[in-house]
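Trainee: Read off the chains here:
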Amino acid sequence: MIRLLSPYVVIWPGLLVLTCLVSLKTGVTGASWADVLNSLSGDPSEQGHIIATYRLPRVIAGVIVGIHFALAGIIMQVVLRNPLADPTIFGISSGASLAVVCAMSVSIALFQADGALSVSTDYLPLIWIPYIAFAGAVCATVLVLLLALDRRTGLSFSPGKMVLSGIILGAMLNALVMVLVLSLSEARTELAILWLSGTLYARGLSHVWPIIPWTLAGLAGLLVLGGALNLLRCDPQTAQSLGVSLKWERLGLILVALLLAASAVSVSGPIGFVGLLVPHFARLFVPHSFSRQIWVAVYAGAILVVASDTAGRMIAVPIEVPVGVITGLIGAPAFAFLIRRQTKVS
Amino acid sequence: MIGLRTFLAGMLLTTGGAYAEEFPVTVTDARAAQVTIDQEPQRVVALGAFASDVLTALGKEPVGITTYEGERPVYLGKDLGPATDLGDLTAPNLELMATLNPDLVVGMLRYNGPYEEEITEIADFLAFDIGGIDVSDKNIISLGTALGQSEKALKLNETFAGLRANFEEQTGKQDVSYLFIWNFYDSMYAYQDNLMSAELLSGLGATNLAGFNEDAETPDQAVKVLEVEDLLALDPDVLLMFSSHGSTIKGSAALKRLKAVKEGRAFSVGFQYSQPDGPIAREMVLREAASLLFPGLFQAPALPENARATVLKFAD
Amino acid sequence: MQTEKSSLLFECVLGASLLGLALVHLQLGPSETTPLETLAYLWQDNGSNVSFAIRELRLPRILCAITVGASLALSGFLIQVVTRNPLGDPGLTGVSAGATFGVAVIITYADPAAWLIISAGIAGGGLAASLTLLLARASGLQHIHLLLAGLSVAIFFMAATSMVMVVERASMQSLYFWMIGGFANKEWVEFNLLWPVALSGCLASFLMAPILGLLQLDDAVSTGLGLQSGLWRLTAAAVSVVLAAGSVAVAGPIGFIGFVAPHIVRKCCRSSSGNPVPIGKLLILIALTGGTLTLAADLVSITLGSFLHAPAGIVVVLVGGACFLALSRDSVRDFS
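Residue numbers (this note's numbering), protein chains in the order written: chain C, 1 to 346; chain L, 1 to 316; chain E, 1 to 336.
For the record, the hints were derived by calculation from the structure and aren't laboratory data. Predicted, not measured: the structure shown is a model, and the values here were computed from it. There is no bait here: all hints are sound.
Negatives, chain E to chain L, calculated, CB over 10 Å:
| id | residue |
| --- | --- |
| 1 | F191 |
| 2 | W195 |
| 3 | A209 |
| 4 | L234 |
| 5 | R266 |
| 6 | L299 |
| 7 | V300 |
Simulated restraints, written as ranges between beta carbons of each label pair:
| id | chain 1 | residue 1 | chain 2 | residue 2 | range |
| --- | --- | --- | --- | --- | --- |
| 8 | C | N230 | E | A209 | 54 to 62 Å |
| 9 | C | I212 | E | E32 | 56 to 64 Å |
| 10 | L | E121 | C | W33 | 23 to 31 Å |
| 11 | C | T29 | E | T108 | 26 to 34 Å |
| 12 | L | T36 | C | H49 | 21 to 29 Å |
Okay, the calculated bits of chain E under chain C, using three or more residues with CB under 8 Å as the criterion:
| id | region |
| --- | --- |
| 13 | 153 to 167 |
| 14 | 315 to 325 |
By construction, the Cβ of each residue, glycine as well, lies at the ideal position given by its N, Cα and C atoms.
With the sequences and hints as input, model every part of the structure.
Mentor: Written out as structure tokens, the structure is:
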């Protein structure tokens, strides 16, 4: 009972709902709160229709993507024992991006061999993209981990090396993405670049549906392995003394994180800093309860993405600033603040 | 804007729906999709220059347009009317588009095709793509039919074909070499004959030094990346350059060595050269390019001021 | 003795490859020439287009590549000295991103003169460098914190550059123009813009050479020697920013040279006896190595050009990144 009444259980969902409502209300055409409520009803007004058709699906996509990145971030930070782990910093997003852009180029080549005129088929089937992104993410992660493997002490990863090799590998993979993008035809360059900057433009339920199973799978994996995740927060010795080797659990958790991050990348492109910031933020608010940290992270991730996207829609009407650009602008100073705070604490 | 009016008058166009079309009509677009349009479209959104161009040529005002690098197609001038700006062609603001209540959205396959599902929810969607003259003809017919003016569209094509034949006859295959370059900061892309601007110019009997690209899988791959030195080696008789993003032309020292520059036959040309698929753009390009390539034979057409070719100037 | 031998060998290889690469580079173009002809054209202009191409197009491009490489390498080395961190690099400390932002803003909102472009680059780079150093100072410039501070500053300025471009409705392609460096179509105009900045930066570093040597030591030692180390470190950082910003204004952001070049030099000139290479010579070698690497990257980019569009900036990131990963093994042994 007490847990249910705890402020965190009320405040965070409340904040998320509020953010979503504000996002629904905000747009190039004004709308009243009545319109917003009306849009959720069965028989919307004209404004309500626009909200239901354009803003609502986008808000849903933002929420799902935000949850994915946040969970991926928190799992990686715990499993890799690295407070700086993040899908975008660790080259995971770059790996996923490279795989998707590669697949785009290949699909163009295949389509051309066909010689058919129906150009619309030369875009990758949406349902495939999460798998391709996942494969790319796995490869990139394996590389980063191999590079960070400390051979002297067996199977442990040096956090610093991990950050370093993640950054460098990310830069290299991005360079490869650029080569591919620049060598594609001009029209695809524009589309690919828009996608690579992390955008929710024209994203709707048709994009979100393919990754919902992944969300569920990720959450299920997290439920099954949640206990292990909690144990992993202790240092390796303690975990070992509790009689769990946790080798397989760690592997499982990393796969869950990759699954979540890669599927999110497949929808929106890489949106930076969400996975990195949100867990820190959660720790700031609920330092003592890990299970609550997870929930706070889930909500905060969704809020961050939805709010950034709303800002991006409104800054330069009618142009839409990609959400990844906004999270970069907000995230970098926030991250810097976190580093300072951490160094002061320690 | 007198320029464009004169030009349109020269295109022998009569305004008004003289040719009533029977609706519904079914047209095929570049997606090979059969789109059935139930009533004559009254509120049309034009994504990209081609759609705006066809609408203007057929005497219709679009309700929404996109910009390219922040600008409306300048060669159409104010004839586009008070259309709402929907933002960049690559990512038009869908919400704003929906509030315009259009009954037809005409877009470009390469940019808007990936979002066809979202656009179709707003209105009937027709997507076209760039190509050669034949593609332009086909697209004009399709769009004309969709707008209930297929005969007028057909006539546009016939007139243009006649004009080309007439011009070709007059030039008598003189030997003039040229390059049409799309310039972007440090990069220069020469259009090859697969692309319509070059096809039009080469059709006049001039030789495109960038040639035809046999390997291009789509028309927009038919460009040759040139460095200043390549330009020196090719040294065309006439140089036409479109500078995108308002970038200034680089490499003045080298360019001044070009035959074309020395003889005052290097020109900075208007936006219509980069996307000449529409009926107005293509005729502007044909007429103006003819006067630039064969100055003795053809008069410069009356074009709106900011669409007119000017002699290439250098920053220093 | 050992030191001198290995270092001499390195110098010879370096000099030979720089000259060789430059000569090969000079011959590549639509109108190919033999090495002898090339030299003849360099010696005397016969008024032909080939001669013009070699003297006015290929030569300045080569000089730009070498100068940019040398500047970035020295800039990286200075950062490494100032922060006592072997991972210093203008890209990794956000300087390049800041300079890119400065240049992008001034070009977007004004039609500036050349010196204004460079100044905007320096201002942006300086701002970024100050931010990074301020952020990382709290932790006494620990490796990891410097890296992270630099990274967040770099991402911030990249995002800010994107923002400017998107809001000003430049196409997405022009954004990429600002994210990738290269040397295509660089001529005397660019070189004339670059060399005064690069030269003054280089001269300043050479003048500071003895102090740089001391700065590499402990703060306690250098203070004991009566050195106002704080002031000098600031000066060195400023020189480093100027060097990097000048390069970025001319060639765009080119990553990892600043890290890789000093590393190669240290590795190749490492002696068995442990005698360090004199700092003045070290600076020259680092600059030359940076120039050689960048020139080689541009050569690769030209050779690839016919089937892949890979500007020199990309080649540098790919090769430099690989070097970084290989080389950083040693320098990050204590990096955790």
